[in-house]
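> Letter by letter, the chains look like this.
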Amino acid sequence: MEFLQGTLEVLILRSLQAEPNHAYGIGQFLEQQSGNEFVVDNGSLYPALQRLLQRRWLTAQWKMSPNARRARYYRLTPLGRKQLVEESSKWQRFVVAMSRVLSPEG
Amino acid sequence: MRQWWTRFRAWMKGRPGIAEDLAEEMRSNLEIETESNIERGMSSEQARAAARRHFGNSTLVAERARDAWGFPSLESFLNDIRYGFRAMRRAPAFSVVVILTFALGVGVNTAIFSVVHAVLLKPLPYPDAERLVRFREANAKTSFSVSWGNFKYWREGNHTFEEMAAYQFTDRTLTGRGEPEVTRGLMVTAPYFALLGMRPVLGRLFDQADDRPGTPATIVLNHRFWASQLGGDPHIVGVILTLNGAPYEVTGVAAPLWEPWRVDYYLPLGRAGGNTVNRGQHGSISALGRLKRGVALAAARSDLDAIMRHLAEVDPGPENEHRSSGVFFAEYSTGDMRGTLLVLMGSAVLILLIACANVASLLLARNTARAGELAVRKAIGAGRLRLVRQLLTENVVIAAVGGAAGVAFAYWGLRLLIGAAPTDIPRLAGTTVDLPVLLFAGGITLAAGLLAGLAPVMVAGKIDLTTALKEGARMAGGSKPRQALRNLLVIAEVALTFVLAFGSGLLLRSLIAAQRSSPGFDPQRVLAFSLQLPSKAYGSPEAISGFYTRLLTDLRRLPGVVDANSVSCPPGAGDCGDWFYSIPGRPVPAQNEVPIALFDSADAGYFRMMRIPIRQGREFNESDGAAGPKVAIVNETLARAWWPNESAVGHQIKVGGPYQEGGLLEVVGVAGDVRQFGLDSQPSADICRPSSQMNDSNRTILIRAAGDPARLMTAVRSRVLALDRNLPLQQFGALEESLGAGLARRRFSTLLLTLFAGLAVMLAAIGIYGLLSYWVTSRESEIALRLALGASPSTILRWTSFHALRLALVGVAFGVAGGWAAARTLEDLVFGIPPRNPATMIAAALAVMAIALAATVVPAWRAARVDAARRLHYT
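Protein sequences appear in the order of chains A and B.
Positions 74 to 179 (my numbering) are the ones given, in order, by the first sequence.
Positions 4 to 878 (my numbering) are the ones given, in order, by the second sequence.
Hints are computed from structural coordinates only; laboratory data are not their basis.
You may find that some hints are simply not true.
[Claimed, not checked] Cross-link-like lysine to any residue pairs, in silico, SDA-like; alpha carbons within 25 Å at most:
#1 K539(B) with D174(B)
#2 K539(B) with F550(B)
#3 K633(B) with M697(B)
#4 K136(A) with F550(B)
#5 K136(A) with S39(B)
#6 K633(B) with D578(B)
#7 K633(B) with R643(B)
#8 K136(A) with I21(B)
#9 K125(B) with A423(B)
#10 K144(B) with R304(B)
#11 K144(B) with R621(B)
#12 K657(B) with D581(B)
#13 K136(A) with M697(B)
#14 K155(B) with G283(B)
#15 K539(B) with Q171(B)
#16 K539(B) with P216(B)
#17 K136(A) with A22(B)
#18 K136(A) with R30(B)
#19 K136(A) with A26(B)
#20 K657(B) with R621(B)
#21 K136(A) with I35(B)
#22 K163(A) with Q106(A)
#23 K633(B) with Q655(B)
#24 K136(A) with R51(B)
#25 K155(B) with P194(B)
#26 K155(B) with F172(B)
Using the sequences and the hints, build the whole thing.
See below:
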């Protein structure tokens, strides 16, 4: 399933809510959490990460991964956290509204 | 905003950092994925391959991620510019032709625009110059000077002006500093200086205190006059100058400032005229004012009109019907060049359009040749929009190079232009290629580049991939819409060229007509000079007539002189003064409809000497003395207006009309019309009276020589100085030369427009040649086939020429329609023929057709020589 316009960014923010992660980890997280419904295309993921960095919702840092490999870890900034709260509530309302319309009456 | 800033900073710091980070990040993530694949039990090769597959096109990912940090459109734009230069180098001959064409179009436009800018558009160098206006009195028919009385009411009673000044010219003889010299002064009221923002460099300018009756006579010098005539004397303040025998104390020298007139000094007008109370007493005063902010010219006019209406009630008189008439000072001071310059600017734009059509056709041909390249670009994934943008950018790049060359060309051409221009065009000398001109050049270059690129690009956008890739250029070029577009371009070029050829034809014929037009008198071998007898030395009528009689007697005795006579206004010299008149016995005209005629005076022998024919009655003679009955000779225009079917002789004329004072004159003769306002003017009503009854102190002496009049000059000058050594000779020279000089502007505009038409014809010829060559190339197979089927080369020749002829004919048809419309804008410049002159139109059409046909000769000949066997063999 393709991502709807603007959804990838909020999903990235959500994936970093618990802990920092690298790009591959973020992709894995999104695919698993969506029950493999979402396919994360690197051609979208990397530019999206760059955009979030620009907006200062994320910071990036080179760190050692658990299996001792150097990787670039992304972490939510306070601004990003605020954004996540706003965006999630917006999407939740959107989803509720969508299903109200789409589901049969009763 | 902030995001743009971070992007910009990142962009400025350069991509390397970001790019390296990104590359390393991608590599590390690929490793992580490979490792997790191995953990899931794959072999290390399998794991690596699977990770790669899953990762996708890493180049594309990197590029798109990088783009987030940069300005992708800017970068692809810069890329396109690089492409543009590369494409230019790849086809040098093509590029040179296109660049030269653009250079020509942009150059001509830039040069003309810089003149238009300097003469018409640039604000005058005064504070709030756009609010400066010039006002005079007017009736329903014409405008004339404002009287001092009315000016005072205007200045004090208006609600629409910030400030108002009066000014009036005065010619005075300066003596006591070497040779006597006639100088031109401007009498102004004190606010004049503030209105123009004029400041002193020495001493002070006069103020209200110096500008009232009874104050000592003061004078402010113009900077140029002070520097050239008075040697830039730093101690000039306080010096006494003698003008017409009266002393004036220099109070200051004004800083240099451009004015629409050339004056030597400024005198206080209020001091000389401040005592006048009669509203009807006119000098030749004009009012200069600065409107209040936000006040329209019309509002100011009705404000002053209201004052005039009120005055008509409380102080009735001959002025009752007078109102005000005003123009913006900028418009007034640029005067009658506006029409000519706008016509030239329009013609320059036509040249640019022709250049664009030329370039468009060249590009069309070239892009067809490049169809293969374009198709490949499209096949490897360039979007249509991207392709269009790239082609347009390429065109703009080449246009920019051409435009730069054009500016250089304009810079150089401008010198020639100014050199060839008549010197009396205001502000022309200050023409430069400055910032606004450069902006204009940039603007039209961009517009021309886009315009010329538009047609070919529209076609390129529609490239049919498979055809183009398979068949190559040749077939892609022959498609129907392209051919139609090309034909359209030829038609447009021919039409535009026709309009220019027609316009220049009209001006050329007008110039010839003006040069051939009879001035109404014979100016050959006539020497002329003007004298002003100062009233101090020549106070009485006897003194004046005594002087002139003695001078003329002396001059007539000089060897080589056929005759000599004096007039108050030399023939062809323009308006020396007009006044109201009426015909007793005819219905009394309303106050604002009183007719006006030129009034002048001449000696008895004047008409015979100048070979002005006397149509009715007689010329002046000895009986028209000071004591005799007051008589006049009118010109044919006036006689025809009042006595079309009878002789004017014996009728009476009332000087001043029914509402102004003035005596009665008896018409004793009717003289042929003289073109008083120049060779290319129409005659206007004229009333001439004998010198003996007028005794003008200012006259022009006309001398008919037996041989070269220039050889008489020394003798004539010495005769004058022998009588009065304080008397300067003004405008001393051959009459024929000053008449011819009156056509200088006409010659200039005709020269330029003819030059433009020549350029247009040249461009159009190149364009038509190029298009037809291309047409022949793209049809070689067809031609070969026809030849193989038995057509003779001459049939092919006819077929090709006919194609060109048809296009040219359609172009001329459109051109005739355009010329018909354009003729109206030329109306003011055309003389002696109607502006919609069919003969000129036919001549222009034939000329353009001939050029079009000539341009087809080579391609048609090539078509006829197509080697059928070889051509068919190859395809």
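> If a hint holds in the structure, say so; if it does not, say that too.
Hints, one by one, checked against the model:
1. K539(B) with D174(B): It holds: about 15 Å lies between the C-alpha atoms, which stays within 25 Å.
2. K539(B) with F550(B): holds, 14 Å
3. K633(B) with M697(B): holds, 10 Å
4. K136(A) with F550(B): violated, 114 Å
5. K136(A) with S39(B): holds, 18 Å
6. K633(B) with D578(B): The given pair, whose Cα atoms are some 23 Å apart, holds under the 25 Å limit.
7. K633(B) with R643(B): Between K633(B) and R643(B) the Cα gap is close to 22 Å, so the pair holds against 25 Å.
8. K136(A) with I21(B): holds, 17 Å
9. K125(B) with A423(B): Holds, at roughly 22 Å.
10. K144(B) with R304(B): Holds - the C-alpha atoms of R304(B) and K144(B) are around 16 Å apart, at most 25 Å.
11. K144(B) with R621(B): violated, 33 Å
12. K657(B) with D581(B): holds, 14 Å
13. K136(A) with M697(B): Violated, at about 112 Å.
14. K155(B) with G283(B): holds, 13 Å
15. K539(B) with Q171(B): It holds: about 21 Å lies between the C-alpha atoms, which stays within 25 Å.
16. K539(B) with P216(B): holds, 20 Å
17. K136(A) with A22(B): With Cα atoms ~19 Å apart, K136(A) and A22(B) stay inside 25 Å; holds.
18. K136(A) with R30(B): holds, 14 Å
19. K136(A) with A26(B): At roughly 16 Å apart (the allowed maximum being 25 Å), A26(B) and K136(A) satisfy the hint.
20. K657(B) with R621(B): holds, 20 Å
21. K136(A) with I35(B): Satisfied, since the Cα-Cα distance of roughly 13 Å is no more than 25 Å.
22. K163(A) with Q106(A): Given pair K163(A), Q106(A) holds - Cα atoms ~20 Å apart, limit 25 Å.
23. K633(B) with Q655(B): holds, 10 Å
24. K136(A) with R51(B): holds, 23 Å
25. K155(B) with P194(B): holds, 13 Å
26. K155(B) with F172(B): Distance of about 18 Å is within 25 Å: holds.
The structure does not agree with the numbered hints 4, 11, 13 stated previously, though it agrees with the rest.
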